[in-house]
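K.L.:
Respectively, the protein sequence lines represent chains A and B.
If you count the first sequence from 1, position 49 lands on 49 in the numbering used here, and the numbers rise without skipping.
Remember, the numbering used here sits 206 above the position in the second sequence when you count from 1.
Honestly, the hints are just simulated from the structure, not real lab data.
Coverage of chain A stretches by chain B, computed from C-beta distances (three or more under 8 angstroms per stretch; other residues unrestricted):
hint, stretch
1, 28–41
2, 48–55
3, 163–171
4, 192–199
The list that follows gives simulated cross-link-like pairs (lysine-lysine, DSSO-like), each with its CA atoms no further than 30 angstroms apart:
hint, chain 1, residue 1, chain 2, residue 2
5, A, K201, B, K495
6, A, K106, A, K96
7, A, K36, B, K550
Distance ranges between label pairs, derived from CB positions:
hint, chain 1, residue 1, chain 2, residue 2, range
8, B, N484, A, V202, 31 to 39 angstroms
9, A, K106, B, E480, 36 to 44 angstroms
10, B, K390, A, R205, 16 to 24 angstroms
11, B, D401, A, K186, 25 to 33 angstroms
12, A, A195, B, G496, 24 to 32 angstroms
13, B, A279, A, A41, 48 to 56 angstroms
14, A, T67, B, N484, 29 to 37 angstroms
15, B, L337, A, T67, 32 to 40 angstroms
Even glycine gets a Cβ: it sits at the ideal position worked out from N, Cα and C.
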Amino acid sequence: MKKYRIIYILSVCFLVIGVSSCKHEGEYHSITDKIKAESKAYNGVSVSSETYLSEIHTIEITEGGETFLIPERESQIKSFKCTECHTKPVAQMTSKELQRAHWDIKLDHANSNTMNCATCHNGDDMDHLTSITGNKISFNKSYQLCSQCHTKQFQDWTGGAHGKQIAGWAPPRASMTCVNCHDPHKPHFESRWPARFNTEKVKERE
Amino acid sequence: MSSNTKKWFSLNLNNKKPIQNKSCGCGKTSGGCESHNNLDAATKKDGFDQVFDVKMSRRTAFKQLAASLAIGAGAVSTSCSVIAGDDSKEKAQIDWEEQFKGNYKLMTDDEKKATVDRLVRSYQLRTGKTLNMSSKNAEENVLFGYAFNISKCQGYMDCVTACVEENNQDRNSQMEYIRIHEMKDGKGFNFNEADDNYYHEVPAEGHFYMGTQCFHCDNPPCVDVCPVQATWREDDGLVVVDYDWCVGCRYCMAACPYDGRRFNWSKPEVPEDEVNKNQHYLGNRLRKKGVMEKCTFCVQRSRAGKNPACVEACPTGARIFGNLLDPDSTIRWVLENKKVFRLKEDLGTEPKFWYFMD
Numbered sequence: 001m002k003k004y005r006i007i008y009i010l011s012v013c014f015l016v017i018g019v020s021s022c023k024h025e026g027e028y029h030s031i032t033d034k035i036k037a038e039s040k041a042y043n044g045v046s047v048s049s050e051t052y053l054s055e056i057h058t059i060e061i062t063e064g065g066e067t068f069l070i071p072e073r074e075s076q077i078k079s080f081k082c083t084e085c086h087t088k089p090v091a092q093m094t095s096k097e098l099q100r101a102h103w104d105i106k107l108d109h110a111n112s113n114t115m116n117c118a119t120c121h122n123g124d125d126m127d128h129l130t131s132i133t134g135n136k137i138s139f140n141k142s143y144q145l146c147s148q149c150h151t152k153q154f155q156d157w158t159g160g161a162h163g164k165q166i167a168g169w170a171p172p173r174a175s176m177t178c179v180n181c182h183d184p185h186k187p188h189f190e191s192r193w194p195a196r197f198n199t200e201k202v203k204e205r206e
Numbered sequence: 207m208s209s210n211t212k213k214w215f216s217l218n219l220n221n222k223k224p225i226q227n228k229s230c231g232c233g234k235t236s237g238g239c240e241s242h243n244n245l246d247a248a249t250k251k252d253g254f255d256q257v258f259d260v261k262m263s264r265r266t267a268f269k270q271l272a273a274s275l276a277i278g279a280g281a282v283s284t285s286c287s288v289i290a291g292d293d294s295k296e297k298a299q300i301d302w303e304e305q306f307k308g309n310y311k312l313m314t315d316d317e318k319k320a321t322v323d324r325l326v327r328s329y330q331l332r333t334g335k336t337l338n339m340s341s342k343n344a345e346e347n348v349l350f351g352y353a354f355n356i357s358k359c360q361g362y363m364d365c366v367t368a369c370v371e372e373n374n375q376d377r378n379s380q381m382e383y384i385r386i387h388e389m390k391d392g393k394g395f396n397f398n399e400a401d402d403n404y405y406h407e408v409p410a411e412g413h414f415y416m417g418t419q420c421f422h423c424d425n426p427p428c429v430d431v432c433p434v435q436a437t438w439r440e441d442d443g444l445v446v447v448d449y450d451w452c453v454g455c456r457y458c459m460a461a462c463p464y465d466g467r468r469f470n471w472s473k474p475e476v477p478e479d480e481v482n483k484n485q486h487y488l489g490n491r492l493r494k495k496g497v498m499e500k501c502t503f504c505v506q507r508s509r510a511g512k513n514p515a516c517v518e519a520c521p522t523g524a525r526i527f528g529n530l531l532d533p534d535s536t537i538r539w540v541l542e543n544k545k546v547f548r549l550k551e552d553l554g555t556e557p558k559f560w561y562f563m564d
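Excised from the complex, chain A in its bound form (with noise of 0.2 angstroms):
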């Protein structure tokens, strides 16, 4: 009887200084048990990135569950609204005489059966995009129109795993939105050459 008692007690004892110590050496397992725990009582933080965003328009949009700013478009198009020039609908302004601009533009933006200029613009309503099955969407929000096709890309934006954050990491959240990296009629990234090249890295491993 006396033999159990003392090995209760030493085990009562390990399992005391097991748990104690253990809570010691390292509070978490991992960096994202961490996170989780130490993210409860997140209340908040001083530092804003308001201030580094006062240079450019920005408007709010909500998608996804997600709220944040991306910068506003039509103020910054040379010649809004468009139907200044295009007082009629396109197909009435075919004559020589007219002034041309953005004739240049070629559309290099999947292939001819999915796309061509009225997949996106509307000829009778050139101050607004238009989506597939004839919606009007604000240049503002052109976004509307990528995410009818790049849906997974848009998830990603919306989560911010896609697209380029502006000004800084503090609240509140702003996004560039598709246009700002991507030319709609021309979306892909140049390839180009590297910024820079390390000569004396050449020169250290020689």
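Following the hints, put chain B in place on chain A, whose structure we already have.
P.N.:
Same frame as chain A, now just chain B:
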């Protein structure tokens, strides 16, 4: 110097820990876990104590004394001299105070501000130009993290250029914190065959690009090996170096499994008109010969709420930076919704730098 039982010499610096506010398992210097209770009871050492009140060999002691005496003699001769101008007297005074200042990690906020003011004044006396140096501490509720999209990176290296310019890196040795590795498709992360110094049109056919830099490990091996505690982990997760406390032994360089650290083999040179004057004591202030340096996630920018220079420069949006403790941050979305992984996760270093693909 060494204990009698051992057959090798080891400095006694770490055995004698009067202030034990850094080596806590939870990684924080206050609150959180229970091991911070006796923090305030410990007595503080001033700079003089930190330099001289350590067990050292006669040779080191003489070296320290000689260095200090040289500065002291300089200070005395200029301050007593009738010919020396006010400026050189002030400069001597600053040199004297800088020589005997303590480890930045142990400084109070006032002491931090004082050393920063001295450094700014010293630069002004030397060059006649003013700079803006910050000693801003880590923010509450912030833990910095980074994500890198390997399907987006095109290998343009704009990040590297931005980093060099932002952080006043030595132009002579072309020091770079960031390395962009060009890797063959279908071979995974094969660093043996990767090229980190390519020069041809990018992206090259059949290749992908990934960047490495300091990963600001949550369990940083470089910090453990430092014999003088000149490098440590801040509360917002940044692993930083006190360039004025570093002795240049390069243990940390050897301990880092990611090649995140750089050494100044020669006096770092930055052309005067290219010096970034927006500085932080722990960040991009001008370094000297014989000290370590590394990426600090641009502490001078990130503690002000901005993104690091590499994030801002990237034209593809492959680089994502943010606060891991903010559940609404984009970095958290990436960690929770993308398939992320880290380099050499098995080492237990817990880098706060994740890779992911579209």
